[in-house]
Amino acid sequence: MVEQTNNPSAESSGRETSWLQMVLIGRRPRTTLLRILVLVSVCAVTFKFVLLPIRVEGISMEPTYHDRRIDCINRLAFLWHEPQRGDVVGIRFSDPGNLTTPRAMLMKRIIGLPGETVSFHDGHAYINGELLDEPYLKFSCDWEHGPIQCGPDQYYVVGDNRSMPFELHMQGRAERDRIVGKVLL
Amino acid sequence: MKIAARLVLLAVLGGLGLWLWSVLFPSPEKIILKKISSLAATANISAADGTITRAAKASNVVNAFATDAEIVFDVTGVGARTLSGRDEIREAAMGGFASVPSLKVQFLDATAKVSVDKQTAEVTCTAQVSAGDNKDFGIQELRFQFKKIDGDWLITRAETVKTLQ
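Chains as they are written, first to last, in this note's numbering: chain A, 1 to 185; chain B, 1 to 165.
Keep in mind the hints are simulated off the structure, nothing from the lab.
Only pairs whose alpha carbons sit at most 25 angstroms apart, straight line, appear in this in silico DSS-like list of lysine-lysine: (1) B:K162 - A:K182; (2) B:K162 - B:K104; (3) B:K57 - B:K147; (4) B:K104 - B:K30; (5) B:K147 - B:K162; (6) B:K30 - A:K48.
Next up, chain A with everything else stripped away, as it sits in the complex (with noise of 0.2 angstroms):
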C-alpha cells in the first residue's frame, strides 16, 4: 500500500532530509561505514608506522626547517637502500633497534658514510679530505675540527645552523639502528 501525502511542507521535509542523508552518509550509508572504518584503520596505521608526524622543536636545522614546522618521518625510505649523504632523517635517543614509535628524535643530516672520515676547516666540512659541497648551507661558520672516522655501521650527522658555536651544536656519529626514517619534505 503507498501512502500519498498532501502536505507540501512535510514533503519538502523529507526531500531535504534525503539530500541531507545523501550528502552526510551517502546512498549506501553500509557502504559509507566500510569506507569510513578503512578510511581510519589506514590513516592510523599510516601515521603509527609507516610516517611519523612530527613538530621540528630547536634551530638547529635553520634556515632548511623553522622551529615549530610540522612535517612527517617516513619509515619506510631506507628499506630498499641505505640512507645517502644529504638525506634529512630522524634519529631515536634511546633503545636503538626498537621498532616502536619514538616519541622525541633528533632531526639531522647525513653528511659522512659508514668508513668515511668527516674533518671540519675554516667552516666547511671535508669528507675524507676532500671539500664536501652543500648547497642548503646559508650561514657561514668558523667550525674547526679534526678528523673523525665514522665505524661500519655509522653515519655523521650535523644540522644546517653552523652558524652556532660547535661545541653547542649537537652532532656527530649515529649508528645506523637508531636512524628511524627520512624527513619526507
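Starting from the known structure of chain A, fit chain B onto it as the hints suggest.
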C-alpha cells in the same frame, strides 16, 4: 550458538583474569617503569610551590636512589659533574629546585630490561626538561641502573648518554 556464547564468555573471563593478575602481581619491568614515571612527576615544580614543598619534593626524589647511588652528568653546553651518595644528590636537588621558577620533567620512551636473576635492571629513556616559562626544552638520553634492595627497586646509578658519538 550456545557453544559460541560460552566460548566468548570464557575468553572474556580469561582476559579479565589475566588483567587482574597483571594488576595484582605486576612484572618487575612494570614496577620499574612506574617508578621512573613517578620520579619524573615528583621532579615537576610549579611556580606556586613554596620552599617547603620544593624541599619535600627534593627529599622524595632522593628516596628513589640507593644510599650509595651515583649520578654522572655530561651534557653539551652545561659540562660534566658527578654526584655520589644520597647527601650530595639531596643537596643538588634542593639547590636546583630552589633556583628555578618552575620545572617540567618528562621521561619519554622508557624501556626496562631486567636481569635474569631479577635483582638488577637497566632503564633507558629520553628526558625532556623545560624550566620557567621557557617554551624551549632540553632533551637528553639517560640510562638508569636499578637494584632490588630490601624488596624495593632503587636507582644505584643514573648517567647521561651521548646519543651522537
